[in-house]
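**Student:** Build out the structure end to end from the sequences listed, making use of the hints.
There are 2 protein chains.
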Amino acid sequence: MLIREATAADWPAIWPFFHTIVAAGETYAYPPDIDAAAGRELWMLEPPGRTVVAVDEDGTVLGSAKMNPNHMGGASHIASASFMVDPRHGRRGVGRALGEHVLAWARAEGYRGIQFNSVIETNTAAVALWQSLGFAIMTTIPEGFRHPTKGYVGFHVMHRKL
Amino acid sequence: MLIREATAADWPAIWPFFHTIVAAGETYAYPPDIDAAAGRELWMLEPPGRTVVAVDEDGTVLGSAKMNPNHMGGASHIASASFMVDPRHGRRGVGRALGEHVLAWARAEGYRGIQFNSVIETNTAAVALWQSLGFAIMTTIPEGFRHPTKGYVGFHVMHRKL
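Chains as they are written, first to last, in the working numbering: chain A, 17 to 178; chain B, 17 to 178.
Among these hints, one or two may not hold up.
[As the list claims (entries may be wrong)] In silico lysine to any residue, SDA-like type, Cα no more than 20 Å apart, as pairs: (1) B:K177 - B:R112; (2) A:K177 - B:E159; (3) A:K177 - B:R162; (4) A:K177 - B:T156; (5) B:K166 - A:S92.
Derived by calculation from the structure, the hints in this document are not laboratory data.
**Tutor:** Listed below in structure tokens is the structure:
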């Protein structure tokens, strides 16, 4: 598996699983009915943000991550990031590899920490992955997310110092 | 004091104190060197966001608040808000009146909570005001903000259920 910068040419390969994940409405606070243009706008970041793809030996896109300063000005030294793994390529360590890549990027760029703003508490695989990479649940916003089948659930603010 | 919708015509009255507050770099995670056009873009929100001004009997703008969904999609029922009071008109209850206005707006719009994403911990007047209006410090992101004279300080994530 290789992780490389995403280019505009990668979006057609990202969009199908991005759309599947967002339309399910279970793990992302994006509009479930988002279209491809709005999705690209959200996901394909310009500097100081950055978007990468994880690809296999054939060049197939397995997943993607975007990373950026979480705030501006005096708080721009805390990064944030978002991750999507194609469900057809799950359980291969793609999420972990992307997470480790983001940690390395943030360290290299001089960030002092990484904050995830809304990790849905029912997304237990993601919560466990981030905990295994050193992130702590700082708080949980009660009823912060409306899950399509589980109703109102909390979302975690997670953070890791660098 | 009256609180009313802000219009484009109010920006020239907001910009001077917005600029003073942002350039000081002590309480807002906005770029301290922001210009008026970028400031207007950040502050003067379109629906579903909304911006208001507090004015006195003469129509003088004393302060302003913006309010908006904090996230999209399944998390769009949590609001957020930001507040600026002209330092020349401080200690007159403008911040409290704007805060109470935002609480009433969020309730009326059906939000289930309000989250402030980065209340700088050294901004003790703001922290105390939000606590007096029922907001709790949910967590503090360590070293989340670089204060121009105090160095790295934390910022609070604050929340109030509605």
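**Student:** Look at each hint and say if it fits the structure.
**Tutor:** Hints and how they fare:
Distance check on the hinted pair: K177 (chain B) and R112 (chain B) sit about 18 Å apart at the alpha-carbon level, within 20 Å; holds. Taken as a hint, the K177 (chain A) and E159 (chain B) pair is honoured in the structure, with Cα atoms around 9 Å apart against an allowance of 20 Å. For the given pair, K177 (chain A) sits about 15 Å from R162 (chain B) by alpha-carbon distance, which is consistent with the 20 Å threshold. Distance restraint check for K177 (chain A) and T156 (chain B): the Cα-Cα separation of roughly 13 Å lies within the 20 Å cut-off, and the hinted pair is therefore satisfied.
About 16 Å separates the Cα atoms of K166 (chain B) and S92 (chain A), which keeps this hinted pair within 20 Å; it holds.
This entry satisfies every hint, going by the numbered hints stated previously.
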